Each structure stands twice: as structure tokens, then as C-alpha cells.
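Start from the sequences, fold in the hints, and give me the full structure.
There are 2 protein chains.
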Amino acid sequence: MRRYAILAPGHFAVDAKTAHGVVAYGNDATVAVIDPACAGRTVREVLPHLPSDAPIVATIDEALTFSPTALLIGTAPKGGALPAAWRRDILRAIDAGLEIVSGLHDMLGDDAEFAAAAQRRGTTIWDVRKPPQQPLFTGRAYDVAAPTLLMVGNDCAVGKMTVALELVRAARERNVRAEFVPTGQTGIMIAGWGIAIDRVIADFAAGATEAIVLEAASRKPDLIVVEGQGAINHPAYAPVTLALMYGATPDALVLVCDPTLREIESYGTPTLGYRELIRIHEALLATVKPARVAGIALNTKRMSADAAAAEIERARAETLLPVDDVVRNGPHAFYDAIAPFLRKTKRCAV
Amino acid sequence: MRRYAILAPGHFAVDAKTAHGVVAYGNDATVAVIDPACAGRTVREVLPHLPSDAPIVATIDEALTFSPTALLIGTAPKGGALPAAWRRDILRAIDAGLEIVSGLHDMLGDDAEFAAAAQRRGTTIWDVRKPPQQPLFTGRAYDVAAPTLLMVGNDCAVGKMTVALELVRAARERNVRAEFVPTGQTGIMIAGWGIAIDRVIADFAAGATEAIVLEAASRKPDLIVVEGQGAINHPAYAPVTLALMYGATPDALVLVCDPTLREIESYGTPTLGYRELIRIHEALLATVKPARVAGIALNTKRMSADAAAAEIERARAETLLPVDDVVRNGPHAFYDAIAPFLRKTKRCAV
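Chains as they are written, first to last, in this note's numbering: chain A, -13 to 336; chain B, -13 to 336.
Quick caveat, the hints were computed from the structure, so don't treat them as lab data.
Straight-line C-alpha distance at most 30 Å; calculated BS3-like pairs for lysine-lysine: (1) 116(B) x 275(B); (2) 116(B) x 116(A); (3) 332(B) x 206(B); (4) 275(B) x 275(A); (5) 275(B) x 206(B); (6) 330(A) x 206(A).
According to the in silico footprint, chain B covers these stretches of chain A (three or more CB under 8 Å from chain B): (7) 119 to 125; (8) 182 to 189; (9) 223 to 234; (10) 249 to 255; (11) 268 to 274.
Only a predicted model underlies this, so the values are computations on that prediction, with no experimental measurement involved.
A virtual CB, placed ideally from N, CA and C, is assigned to each residue, including glycine.
Structural data, given as C-alpha cells:
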């Protein structure tokens, strides 16, 4: 088990999605977070929903006093390039013998300076986004015995991974052997395996998705829950979304939406309503292997309790589907509401 | 200008799409084709629609007697890997001082043996599929002044590139300055520039498409015609199709269909009807930047003249759109039929 120092300068309280995911759901421990913007407080003091009393410190040297075994790059800048200012901190961590764990597009292990430093110090660099040899889609996933549930959503960063993990937790508490299939860097860091589909060559993105679903299926689970990526109307990332939709060969979808969003982040493309999202996902899947939306998981963290409850009711009335916020209200009621639909898709123990 | 020997052993008469495209539309000359299966005849004798009397020979050594300056790998095996038997021929060509031009997924220039041989002999290897540094999609293509026309279709290999090239030819004959935007290896070999979008990392596939549309737009054309890839319900390649749809920011689509197909090649997924294809492409584009199907280009090469004419009429009646086979009947009538629609999308000289 790793002891993580998490590097997220200026971002921890804001948008360090990878850092938050690993703290909330990871199998490894977090012993310190590096972010001068909130140094002096603990993780829980800054983000009350995260179950960790790890200290937030201003520098890598302070973090090293908590005996970490690995430095995790805890936030992914737009486009994935490595900010120059982080280079010094990463080299300091390598010199201190830490493993480097990165989800950036830039492969740190391919950087001559980092690679040489790591080799000299006898430590390793894990670029979690580095895809393995890619297979073409084969169609073998059509024969997977367990129902497969894929997350889709109304934008990036709306909580698709969180909903997947919460549903896996709910399933396991009901003695349903659920497998989480990680498709992005944070999910991979949490689960310790998977493929970052956004990093795979476009021709092989569906095939790589199929390969990890088959890997999960080889463990003979009762239920497979696939982390989602992007959004079907995202001008840049929709190809990744579609690769997951066809490659995972899902039996059902969960639609994850932040109802406060009006535009796809940084593109100005209007987000879609619940019914339009359902229609377009189901229409696409109907052309290859039909699958229906089983329910809607709302992310209401930007809303008051009253507004959240009203939006949940509104979405239910509009779609006649199970709707809930699995973070605010826990995943159990929502899981129980969608389980009958999953049971219908394949003979199974869900 | 190159003098090509085209390597397509066992495939030239069958499915050597790259070879056929370069012979039919390329700026470079073809001096010989290597394919023991039809050696002794000429290109035109084997494929009457190809305007070339180049000889077909059985071996690389025979091809070398026609003084080629480059060896073109004329067919792309499924998945793109290099058949071991071709290695010897490629090394022979390098030793004879030929440039190697390849559209395979495997980068021949990254192969230690080929790279060393080419360096030793002082010749070069052009891997046309090798993408340049990839940009994220920015949205700058929304401001392109010329109408942009994208090809989509009911499967791979139905003639999307051919239709694009025929429409460019028809436009130019009307003094409309049309730019062809190559998105696949054959188109790149024909035009001498472009990006193989299927080879781009999924996150950047829309951005790479936008980049080549912007490159075409920088030449101030009257019309931009973008080569299509895959199909929107292709289980493996649809992400590439969607990257073109969002990344090219088209103003109109041409739907290219082989009406004899019932299934997506090698996957068994049913092909879609004209109206369903129109609906699903337009529905997706409506969520980002709306664009309509301007017309349908049928590939009727597997049909009799009577059956082709009947199918063209049927498609017209079903969709109320311009429909034609631009290879069988030439591109002019079809171009003139869709030009008024293109003119409406943007103020332009089309």
C-alpha cells in the first residue's frame, strides 16, 4: 500500500479531481497534500466531504516529513501538459526516493530528465494514462454474462466516476459481486488497473474499452460498472464517449447530470436536457447493440437541499425514471431502484 | 513527382483501396504494381475504371526495372500490422534507393531494421499516418468563411474519399476554388498533406480534424470538402467518424452509401437505411453545430445499370434529396444539385 503525497498547487480546494477521487475512494493512504493556497489546514477542513485528516502543506519538503512513499500528481491541467513549475517538485520527490504516479497526458517516464533521475535513484514512474498495446474491437464483449452498466453524462467532470464507485459500493453491500472498470486516470489510480481511453489511438479506443470490460468479466462478477468519460455532445471529447458506448457493449446506462450546467465547460455548446440525452444515447446504441437508460444520478452539490429535492422530483416527472443524488442521499435507494431493470437485461444475481 | 511501384501482393484486384486511390487521383505517377495474383496484365486490364496502363508484376525485382523512385504500400491489412512477408520486399526497395511511403498503423520509420537500412542507403520513409503534435479542439473552425462539406456513409470503404475528390473536381471545373481535406492515408498520399485521424489519440481527434480544416481555410477557398472515415454505427471506428463530425464543423454532409450492404463489414452490425442515417447524423450535429445532409452519393458498382437507376430513384423518393452515383454518372449533375444548398449555408462563391 502506497503512502501518497499529493501535488495539487493552487488547485486542491478548486478542481483537483484526481486528488479528490484518490482521497475519497483509493485503496492507498494520503499522508499530505501540497497546495500553498490552503496550507495549514487539513483535507477535511477544506473539503468536508472528504474522509481524511491529512495535512495540507505549502512545499514538497514539508510533505516529505510525513514519510510518503509516492508523489501523486493530483490535478490534470487542460490539455494535460506539465506546468514547468512542478518539474522541480517532481525531481525533489524522485531524489527523496518516492515513486511518481501521474495521470498527465505528457508521459513523465518519457521525459529524459525524470527518467534519468528515477533510474539513478532506483525508483519508478507510473504514467497511468500510458495505454498498453491496443486491440481492435472484436465483439467478444457481446457475450459477457454479467449485466454491464455504463455511466454517461451532460458534461465532463460531473461525477460519473463517483456515481460508478457509489453504485459498486451499494452492490457489494448487497453481496452482489460488482466490478468497477476504470477508464480514466483517477479511476485507474483508485482501482490500480484500467486504461485511460482518452489516451488511446482513436481507431483502437472501442477495442481498448472492450478489453478492460473483458478483463473485469474474467473475474466472473455479477455486475460490471464502467466509468464514463466526456459527453456525447462535447465538441472535443465526444469520440471517447462514443468509444465507451460501443466498446463496453453496455446493457444499461446511468445518466449523470449536473443540472446547474448550461454549457459544456470552456466550449459554450449548450448542455442537453434529460430527455434529449436519453434519446440521443439510446438512438446511437440502438444502431449497434440496444441499451436503455436505467436511471439518472444528479450531482446537486451546487444546489440547496430544497432545490436539489425539487430538481430530483422534476427529473422523475419528466423522464419517469429512477432519479437521485447518490452522494447527497447515499447510493442505496437509487441502486435498489435500478436493480430490477438490470436484472431484466441478463439473467443475473444483481 | 514520384514514380511509384505499388506493393499490393494478392490484393490489387480485390481491396487495395490505397493503391486504387493513388492510381485514380494521385498527383504522382504509378510505373508498376506488384501482385503475383494478376501479374502479366496492366492495371486497366484488371480494373477497367482505373486510368493507367502500368504493368502488374510478380516481384519487387521486376518492378525495379521500371525505374520507380518510391515504393508505396498499397493496401492496409485489418488492424494495420505489417505482414512479415512484406519485410523482405521493403528492404529490397530501400537497398535500391527507393523512398518508402506507407499508410500502415505500424510506423515503418520506427522499425529499427528499416530505419537503419534507410539511413545507410540515404533514403527516407514517409509514414503518412504518423500524426503531428496534436492540438485540442478550440472552436476556431466555427469561423471558417467557406462552406464545409463532410462525407459520411453507411460503412467503411464505400467510396467517401472518391465522392469527395469527384466533387472537388466538379467544383474546380466550375471555377469554384475547392479544397480537399484528407483525413486518411490514401487521401494523404493523393493530396500530399493531411492527418490520418484514425491514428490520432482519441482526446485530440476532433482537434486534429479542426487543424486540417483550418489549414485548408487558410488558402481562402470557396469550398472545403472533407474526406470521411468509418460510419456512425461502426462498432470499432465510429469514434473517428464522430471526431470528423464535430471537429470539421461542417455546414453540410454528403451521405455516401453502398446500397447492397446489409452489415457493417466483419462486425455483423446491420447497416442503416437512408432516413435513419440522415436522422442520426443530423441529430448529433444539432447538439453541437447544426448541419444537414445535402445529398446522397450512391456507390452502385455492385449493381446493374437498371438496378442502380432504380435505387437512385427509390432513394430520391424516400428522402426528397439529390441522389446520384458520381462515379457511374459523373459528379456534375450531383454537384449542381447540392450547390444551392451549400450556397445557403454561408455567403460564398460555390
